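Trainee: Once you have looked at the hints, place chain E on chain F.
As given, the protein sequences belong to chains F and E, one line each in that order. Note that our numbering has the first sequence beginning at 1, numbered continuously upward. Note that our numbering has the second sequence beginning at 1, numbered continuously upward.
For the record, the hints were derived by calculation from the structure and aren't laboratory data. It cannot be assumed that every hint is accurate.
Unchecked claim - Derived pair list, reagent style BS3-like, types lysine-lysine, alpha-carbon separation capped at 27 angstroms:
id : chain 1 : residue 1 : chain 2 : residue 2
1  : F       : 100       : E       : 57
2  : F       : 103       : F       : 68
3  : E       : 78        : F       : 100
4  : F       : 68        : F       : 100
5  : F       : 100       : E       : 11
Said to hold, decoys possible - Simulated coverage check for chain F against chain E, where a stretch passes if three residues somewhere in it have a Cβ under 8 angstroms from a Cβ of chain E:
id : region
6  : 31-43
7  : 98-108
What the hints assert, rightly or not - A short list of chain E residues far from chain F (calculated; beta carbon distances all over 10 angstroms):
id : residue
8  : 8
9  : 13
10 : 22
11 : 27
12 : 29
13 : 61
14 : 62
15 : 66
16 : 70
17 : 78
18 : 84
19 : 87
20 : 88
21 : 105
22 : 116
Computed from a predicted model, the values in this text were never measured in an experiment. Beta carbons: idealized from backbone N, C-alpha and C, even for Gly.
The primary structure of each chain is shown beneath.
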Amino acid sequence: KNEVEQSPQNLTAQEGEFITINCSYSVGISALHWLQQHPGGGIVSLFMLSSGKKKHGRLIATINIQEKHSSLHITASHPRDSAVYICAVRRGQGNLIFGKGTKLSVKP
Amino acid sequence: GAGVSQSPRYKVAKRGQDVALRCDPISGHVSLFWYQQALGQGPEFLTYFQNEAQLDKSGLPSDRFFAERPEGSVSTLKIQRTQQEDSAVYLCASSAEGQLYNSPLHFGNGTRLTVT
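Looking at chain F on its own, in the form it has when it is part of the complex (with noise of 0.2 angstroms):
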């Protein structure tokens, strides 16, 4: 089993759809975070997070430690989001899991 799960793994959407993306995870983390990596680009931090949520304009990431879960949620969807989603935990000093990644396609 992979010690960071993510869901769904691909997702298709209308413009203007709220989205979410979940994470789960099996390990003690000092931190999570979401990156976004469009085809061919790089990836880009979305969120850190170590308890409670954030959020950044349309996008909002929350974290429940007890039940070592995540969620990412993107509201009012555009075309533009349309990228790879990708969860990843990070354990003390150690290196960062990476999950499998979210394909979204947003489309007009």
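Mentor: Chain E in isolation, oriented as in the chain F frame:
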């Protein structure tokens, strides 16, 4: 700019050639990570430095892969006797590190290595 810089951006190597990939992290960043990303896959961990110390190299796929960060800033990932399966994007990331190791990550644009 002040971001993580990787060079070269693209590298084509003939099978059996040695290559060296460079990562310039953000100045002052303590942690530096190398990842390998095959086409259509998520990043896979290769190795991790804290300053000049290589704390984890468990992800290096074979002894043909070697990484160093001698002065705790610039890092080089070297691949000897390249094979076709080494073709991938090699990503570098750095982090300033807070006391709880929960600082944001900054990624470079990667080096796309193609072995022919």
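Trainee: Now tell me, hint by hint, if it's right for this structure.
Mentor: Tested hints:
{"no.": "1", "hint": "100/F <-> 57/E", "verdict": "21 angstroms, holds"}
{"no.": "2", "hint": "103/F <-> 68/F", "verdict": "22 angstroms, holds"}
{"no.": "3", "hint": "78/E <-> 100/F", "verdict": "26 angstroms, holds"}
{"no.": "4", "hint": "68/F <-> 100/F", "verdict": "17 angstroms, holds"}
{"no.": "5", "hint": "100/F <-> 11/E", "verdict": "26 angstroms, holds"}
{"no.": "6", "hint": "31-43", "verdict": "holds (count 6)"}
{"no.": "7", "hint": "98-108", "verdict": "holds (count 4)"}
{"no.": "8", "hint": "8", "verdict": "15 angstroms, holds"}
{"no.": "9", "hint": "13", "verdict": "20 angstroms, holds"}
{"no.": "10", "hint": "22", "verdict": "16 angstroms, holds"}
{"no.": "11", "hint": "27", "verdict": "18 angstroms, holds"}
{"no.": "12", "hint": "29", "verdict": "13 angstroms, holds"}
{"no.": "13", "hint": "61", "verdict": "15 angstroms, holds"}
{"no.": "14", "hint": "62", "verdict": "18 angstroms, holds"}
{"no.": "15", "hint": "66", "verdict": "17 angstroms, holds"}
{"no.": "16", "hint": "70", "verdict": "20 angstroms, holds"}
{"no.": "17", "hint": "78", "verdict": "19 angstroms, holds"}
{"no.": "18", "hint": "84", "verdict": "21 angstroms, holds"}
{"no.": "19", "hint": "87", "verdict": "15 angstroms, holds"}
{"no.": "20", "hint": "88", "verdict": "14 angstroms, holds"}
{"no.": "21", "hint": "105", "verdict": "5 angstroms, violated"}
{"no.": "22", "hint": "116", "verdict": "20 angstroms, holds"}
Violated hint for the displayed structure: number 21, the only one.
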